[in-house]
Amino acid sequence: MKKIIISAIAAVMTCLSASAAEVILTTMAITAKNGDVVELQFIDEPIATFTDENVTFTDINEHTLVYPMADVEKITFKSTTHSAIEEIADDAAARFSIFVTKTAVTVDGMEAGSALNVYNLAGQLVASAIADAAGHAEASTESLGAGVYVVALPGHSFKFVK
1 MKKIIISAIA AVMTCLSASA AEVILTTMAI TAKNGDVVEL QFIDEPIATF TDENVTFTDI
61 NEHTLVYPMA DVEKITFKST THSAIEEIAD DAAARFSIFV TKTAVTVDGM EAGSALNVYN
121 LAGQLVASAI ADAAGHAEAS TESLGAGVYV VALPGHSFKF VK
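As numbered in this note's numbering, the sequence shown has no gaps in its residue numbers, which increase by one up to the final residue, 162.
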């Protein structure tokens, strides 16, 4: 039984890692032969100390749990990742398909009636288009000379080089 517990703890210790953006929290559940379950959570590598009669688990805050080896039915581990970075909702309405060619800037996925404006680096409006009912807008860039241009969409902008 000691070898199984040591192997399980060693496996968890090799899997634990943390970075500035996320914390891996490991929950260890000890199931006793009478069916009772005791859970410990570890932010850092847990420390297990074995004697002939007991196993002692210590967490990062030095909380300990002494458990008689004779009462242990099984020990299980579960790791979960907690991040300080919130997930970004998948907003299909915020997705654009943008195509820039030698002759035009084309955007699909815009809101109907929205403006697609192209500005030069001096801030002058040099081309524009209005999105149709399908969310498609195309501004001609054929007459523009070589240079860097800014495309402004509602809530978004990007640069391109011609």
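Everything labelled a hint here was simulated from the structure, so no lab data went into it.
Treat the hints with care, as some may be off.
Stated by the list, open to error - Straight-line C-alpha distance at most 30 angstroms; calculated DSS-like pairs for lysine-lysine: (1) K159 to K102; (2) K74 to K102; (3) K33 to K102; (4) K74 to K33.
Unchecked claim - Per label pair, the in silico range of CB-to-CB distance: (5) K78 to V150: 47 to 53 angstroms; (6) T81 to P154: 57 to 63 angstroms; (7) N34 to H63: 47 to 53 angstroms; (8) N61 to A112: 56 to 62 angstroms; (9) A122 to K102: 54 to 60 angstroms; (10) T103 to G123: 20 to 26 angstroms.
Just so it is clear, CB atoms sit at the ideal spot from N, CA and C, and this is done for glycine as well.
Checked hints:
1. K159 to K102: Measuring from Cα to Cα gives roughly 14 angstroms; hence the hint holds.
2. K74 to K102: violated, 67 angstroms
3. K33 to K102: violated, 74 angstroms
4. K74 to K33: Holds, at about 8 angstroms.
5. K78 to V150: 47 to 53 angstroms: holds, 50 angstroms
6. T81 to P154: 57 to 63 angstroms: Violated: the Cβ-Cβ distance is about 35 angstroms, outside 57 to 63 angstroms.
7. N34 to H63: 47 to 53 angstroms: violated, 23 angstroms
8. N61 to A112: 56 to 62 angstroms: holds, 57 angstroms
9. A122 to K102: 54 to 60 angstroms: Between A122 and K102, where Cβ atoms are some 22 angstroms apart, the hint is violated.
10. T103 to G123: 20 to 26 angstroms: holds, 23 angstroms
Comparing the model with each numbered hint stated earlier shows that hints 2, 3, 6, 7 and 9 do not hold.
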